[in-house]
Amino acid sequence: MRRFLLVFSGLLMLILLAGCSVTTREVAPDEQVIYDESYHFSDKKAIVDAMVTSLLSKYPLLRATDRPVLIVYGIANRTSEHISTSAMTDDIRQSLLASGRVRFINETQRQNIARETSYQYGGTVAAETRIQKARQVGARYMLTGTLRSIEKNQPRQFRLKKKTLMYYSLNMELTDIQTGLIEWADSTEVIREASKPFIGW
Amino acid sequence: MKFFLPAGFAFLRRSGFHFLCLLVVLVNLTGCAGKLNKAAAQFHAGNPQAALKTLERGDHSGTRNQLLFLLEKGVVLHQLGQYQQSAEQLLQAASLIDSFEAISLSEQAGSLVTNDWLTRYQGEYSERLWVHSYLMMNYLLLGQYDDALVEAKQALKRLQQYPQALKHDYFTRALIALCFANLAEDNDAYLVYRQLADDLPTPKPVAADIVYHAGKLGMQDEVERFKRIMVAGSADDAELVLFIAHGKIPEKQPGNVFLPPSIRFAFPYYAAAEIPGLKLTVSPVSRQALPLLSTDLGSVAQEALEARKLRIIAKETVRAAAKEAIAQSVGNKNDAAAEVIVRVALFLLEEPDTRCWKTLPGRLTLVRIPLAAGRHNLQLQLRSHGWADQQTIDLPEFELRRGQRAFRTLRF
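Here the protein sequences line up with chains A and B, keeping their order.
Mapped onto the working numbering, the consecutive letters of the first sequence carry residue numbers 1 to 201.
Mapped onto the working numbering, the consecutive letters of the second sequence carry residue numbers 202 to 613.
Incorrect hints may have been included.
Unchecked claim - Each pair of labels, with its calculated beta carbon distance range:
1. 307/B / 167/A: 56 to 64 Å
2. 46/A / 307/B: 38 to 46 Å
3. 167/A / 590/B: 48 to 56 Å
Said to hold, decoys possible - Computed list of chain B residues with no C-beta within reach of chain A, every gap over 10 Å:
4. 254
5. 303
6. 347
7. 355
8. 386
9. 424
10. 484
11. 515
12. 530
Said to hold, decoys possible - Heads up, simulated DSS-like pairs for lysine-lysine below, C-alpha to C-alpha not over 25 Å straight-line:
13. 196/A / 449/B
14. 354/B / 152/A
15. 354/B / 196/A
16. 405/B / 163/A
17. 236/B / 449/B
Honestly, the hints are just simulated from the structure, not real lab data.
Glycine included, every Cβ here is placed at the ideal spot set by N, Cα and C.
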């Protein structure tokens, strides 16, 4: 009996140790890995795909033949989480550029462009290789957006798990800078429910 | 398995002795807050750099005080002007607090026969809110207004969780409204200011803000109502916002109630010690601050602890019953001497958990000074009851654009 108990407890210990070991695995960029109700990288991909498809398949970009110039003024984060919305705008810009139907002003590099231009005109760069001043292109459209979230918790009552419902919505707009008119607007949503136990070891 | 013990050492097998050993270990555990106490003393002595060094040496007694180390580091780094690093520490603290939502059975079982020092410190309701207050301040000082708004929403969640206990934290509530107003979220800003107007002794300090946001939302009845009580506003549209911290938050004190034969109820409490408000004069005199909104952190902490009183009493009662059962069981199985040793050990083990966030100030005040766009040189004269002299501060010259809000922090 004693031997059996020893073997049994040894086996139990081995199982526990195996459960505590560190494991790693590669995750494909399009794989959905969701641990809780909060924002995940797979949400970004779904949101970006939906927005790019809508933008390219609707007026004004649908009929544009002159590769209009766009400027991105970022997505405002109005959620209750610290979410990097610049990662979203980077991906949207990249997908739109890859379509070959629009061009973008590099707004984030404006200061560096100005610095490089001043350097070229500072006397050390050969005149024939200098860029020409006042040749930058003005943007026709401005792309902006707002990411919002609503969180709903299950009301307080006797229960072993706490349920949370999370709603994210991204609204984007394309504004004609000349007229000030919103030429395109769309939104996409992610709704997720998660439950967490109240009691743990 | 039996250990061989030489003659004269048989007492080592007694249950009472085992409890005594446990007692020594646990009494030692309660003393492990040494680094936190030392860091707080260094900080309040005006040496935040030394306090940071002490805190960076870390806690070697496990994760029981992990939250306190993060909280104290957050305030010390804020004081040193390292707002990004302070935010990183406080974000970790906020995420740790969220993880405490799940009750740990092993921890609770252990603390039932010992004391709460054995458990991980989870922060009082008020401290859980102030994590977000400091995060809001850090992000506003860094100019990361979207992140400040995220923290404002987190703070609102805490306020909704414990509305009565945190009702009088006017500073944090005004800061939340400011984070909304700063990003033109008029509806949210209006709602927070409107609730503040109901809870403040007089709605005067927030009347001008209600008029502004209600006006933008087209709520004419609210505009008319609050216009009558608002302080005459300034035409300037830029603003200097100061977060002024002064004094020191009172520490938790150990309280005890004794019942025969050896039952001891131990509980923490805050001794009443109000930190008086500030009186501020700005030079040049043409620049006047809006009515100040401030929080006496000691009294909010007291209310938060009071709100937890029922839980403390319930746990203390269960613990007293468990300890009495253990003592009686040892007495039944061994001799009377063993029972006495166990009773003494359990009695001494009953220590109130007086851990708290010690580098917090006694009072936080939100100062808003409307200014015109351009360069400014301001001098502040601060007075408070109990100060020997008034404090004079020359703010370094700063420039404001039209409609801009600039943020600064000061601590005495």
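Each hint, compared with the structure:
For residue 307/B and residue 167/A, the Cβ-Cβ distance of about 36 Å falls outside the hinted range of 56 to 64 Å, so the restraint is violated. For the pair residue 46/A and residue 307/B, the supplied restraint of 38 to 46 Å holds, since their beta-carbon distance comes to about 39 Å. Checking the proposed 48 to 56 Å range against residue 167/A and residue 590/B shows it holds: the Cβ atoms sit about 55 Å from each other. Here residue 254/B stays apart from chain A, with its beta-carbon at least about 29 Å from theirs, past the 10 Å limit.
Not every Cβ of chain A is farther than 10 Å from the Cβ of residue 303/B; the closest lies at roughly 4 Å, contradicting the non-interface assignment. Against the 10 Å criterion, residue 347/B falls within the reach of chain A, whose nearest CB is about 4 Å from its own CB. Consistency note on residue 355/B: stated as away from chain A, yet its beta-carbon is not over 10 Å from all of that chain's, at 6 Å minimum. Taking the minimum C-beta to C-beta distance to chain A, about 7 Å, the non-interface status of residue 386/B is violated against the 10 Å cut.
With a cut of 10 Å on Cβ distances, residue 424/B stays outside the contact zone with chain A, its closest approach being about 25 Å. The Cβ of residue 484/B lies farther than 10 Å from every Cβ of chain A, with a closest approach of about 37 Å, so its non-interface assignment holds. With a least CB separation of 16 Å from chain A, residue 515/B remains clear of the 10 Å interface cut-off, as annotated. Every beta carbon of chain A lies more than 10 Å from that of residue 530/B, the smallest distance being close to 26 Å; the non-interface claim holds.
With a C-alpha separation of about 38 Å, the suggested pair residue 196/A and residue 449/B falls outside the 25 Å cut-off, and the hint is violated. Pair hint residue 354/B plus residue 152/A holds up; C-alpha atoms about 13 Å apart against a cutoff of 25 Å. Under the criterion of a C-alpha separation no larger than 25 Å, the hint pairing residue 354/B with residue 196/A is consistent with the structure, at around 21 Å. For the given pair, residue 405/B sits about 41 Å from residue 163/A by alpha-carbon distance, which is inconsistent with the 25 Å threshold.
Of the pairs offered as hints, the one joining residue 236/B and residue 449/B holds, with about 18 Å between alpha carbons and a cut-off of 25 Å not exceeded.
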